[in-house]
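J.: Each chain is listed here by its residues.
2 protein chains.
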Amino acid sequence: MTSSAASGSSRITDPEETVARALQGDRRSQARLISAVEERSEAAEAIGRRLAPLAGSAHIVGITGAPGVGKSTTTSALVGLWRKQGLRVAVVAIDPSSPFTGGALLGDRVRMTEHSTDRDVFIRSMAARGQLGGLSAATPGAIRVLDACGFDVVVVETVGVGQNEVDVVRFADTVLILMAPGMGDRIQANKAGLLEIGDVIAVNKSDRPGASAARRELRAMISAKPVAPGDWRPPVLGISATDGKGLSELVDAIAEHYTATAASGQLASRRAARAAAEVSSLAEEAFMGRIDANSEKLKELATRVTGGELDPYTAAHTLLTEIGLEREMR
Amino acid sequence: MTSSAASGSSRITDPEETVARALQGDRRSQARLISAVEERSEAAEAIGRRLAPLAGSAHIVGITGAPGVGKSTTTSALVGLWRKQGLRVAVVAIDPSSPFTGGALLGDRVRMTEHSTDRDVFIRSMAARGQLGGLSAATPGAIRVLDACGFDVVVVETVGVGQNEVDVVRFADTVLILMAPGMGDRIQANKAGLLEIGDVIAVNKSDRPGASAARRELRAMISAKPVAPGDWRPPVLGISATDGKGLSELVDAIAEHYTATAASGQLASRRAARAAAEVSSLAEEAFMGRIDANSEKLKELATRVTGGELDPYTAAHTLLTEIGLEREMR
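Protein sequences, first through last, are from chains C and L. Heads up, our numbering is the position in the first sequence plus 22, with the first residue counted as 1. Heads up, our numbering is the position in the second sequence plus 22, with the first residue counted as 1.
Please keep in mind that the hints were generated in silico from the structure rather than gathered at the bench. Computed from a prediction, not measured in an experiment: that's the story for all the values here. Be a bit skeptical, because a hint or two may be false.
Chain copies aren't distinguished; within one or between two, either way the pair holds.
As the list claims (entries may be wrong) - As a list, the in silico DSBU-like pairs of lysine-lysine whose alpha-carbon atoms are at most 35 Å apart:
| no. | residue 1 | residue 2 |
| --- | --- | --- |
| 1 | Lys106 | Lys267 |
| 2 | Lys247 | Lys321 |
| 3 | Lys267 | Lys247 |
| 4 | Lys319 | Lys247 |
| 5 | Lys267 | Lys321 |
The task is simple: from the sequences and hints, build the whole structure.
T.: Take a look at the structure:
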């Protein structure tokens, strides 16, 4: 089977066996593990416990940027270059779809199909589902599966609109921000926010008018920020993903960031922050599960709030008491 | 003082007196109450408890759309028309700013200044702060203040990118979706998601080429959806906010939606869902406060996770035990 076709939505009956097969390189089993994590199946926790000690050696690369900057094309080209270096690469593409329609903003995975028959490339789309908490808990779980299964590079690609670029940074060792010249004022206005989370900045479509001006401007913005001695200063590269221009320099810059931050200790502290975010998300998820389990109570309280009989704060305290948290809280 | 200048960030020393003044129409006190709710000050809960029984009579109107469709101009024009009907209007504009920079996507409130000397118009910007939970808890609190203070219409304006359009729907009785012809493919692709949350759809800039085609297409999409007999079917209106064309029809459509859903019971069930979301957010906030209070423990656990000594699931259970939730959970 081709890796990109791996959906793996079927139930896991024997987690131990599926894990063993996934670790041996079986794509279908790897896909099943990710599905189990993504769907928060009963097996998810056992899988996480089993794989956690095996993870930690992959380089997690986040790729983000506004719609239309060429994220898929660039990711695909980078995958090709990493493959030439003999590295095994997994891509998790996060779909910021409408929670109602299952949306399509990132749906076009077509350009990635060139890698679909490569056994050492794993491509997977994950739905954002409109649940930030859900995504925050599922993404590190999916990364862990791929990391433990021996992929050298795990790419998390997400569209850089709103909250998502912040999420990606929490899960990546190195964040690549993609830009393109002439993307319109509103998107350019958002540049500052994207710049602050970027470890490597690339201006794609560097053959277009305005590309070198955009690079100059970005470099000026970056050099204006104070950086502690020895700390990483994000390079700004010009690339053209469709014809391959500047891509090997981009691959080098991404690798350099990893090496430099590993040496300075920044990588370790970023990973600790990532682990803290994950543990916190898992705890929050357990809490939300408790609220879901008390949805009838919540409904009853909400009706009393709309009726003017109860204020929402008292209602929240009552709910927390129901869940078992409140007793010690007040 | 002008209402739009009301920032009210100063501390509330006497919540009872501030509430009393706010209820008498004092802008500065109203602004202070909103700040207290937004900043989750100690007074927030007392304010909420005091105001909850007084709220419920305002018409909460959500306005959303992609950047550049003319949300501010349209909102400003609608405010003018509501004022002509003798209605008192409050606008809460939610800034989807970068959590890092305090961003500027919606910064341009300049067009609203025409109402800044009108005592019966209240305008307030709220920062999204990159915290969805925070926004979910703060927005209904701000709405409640304005509702209880006697504003007839409370507008919640937010940019319709990503998660925000979903948030706005939870807090509004009527959701107005603004579109514009020729906004580019990616944004158009997102139309379906926006359509599903819209109670009234308006195509702004209706003098531009493609406007009537856009309206036709939207009407076709909406009439293709099955609607139960007696249920509201969103009208698609053409407007031109800058020259006022179609705006009185838009005001009428927004009022009709309120009347129709109040009669059918849909308004009540939407408000109950909103109250449930608020109660749930407040409970979640209390839980997250517990996690924050245990941040040292979380840090320690995270370090053990990155060290490969502990898996994140076990770490989450340990954290929950620390918080006092776990005992009854397992």
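J.: Decide, hint by hint, whether the structure agrees.
T.: Now for the hints, and whether the structure bears them out:
Proximity of Lys106 to Lys267 under the C-alpha cut-off of 35 Å is restricted to the intra-copy arrangement: shortest distance 16 Å within a copy versus 60 Å between copies. Taking CA atoms no more than 35 Å apart as the test, Lys247 paired with Lys321 passes between copies only; the shortest distance there is 28 Å, against 50 Å inside one copy. In this assembly of identical chains, Lys267 and Lys247 lie within 35 Å of each other by CA distance solely inside one copy; the values are 28 Å within and 47 Å between copies. With identical chains, the CA atoms of Lys319 and Lys247 are at most 35 Å apart between copies only, with a shortest distance of 33 Å across copies and 51 Å within one.
Within a single copy, Lys267 and Lys321 get their C-alpha atoms no closer than 57 Å, and across copies no closer than 43 Å, so neither meets the 35 Å cut-off.
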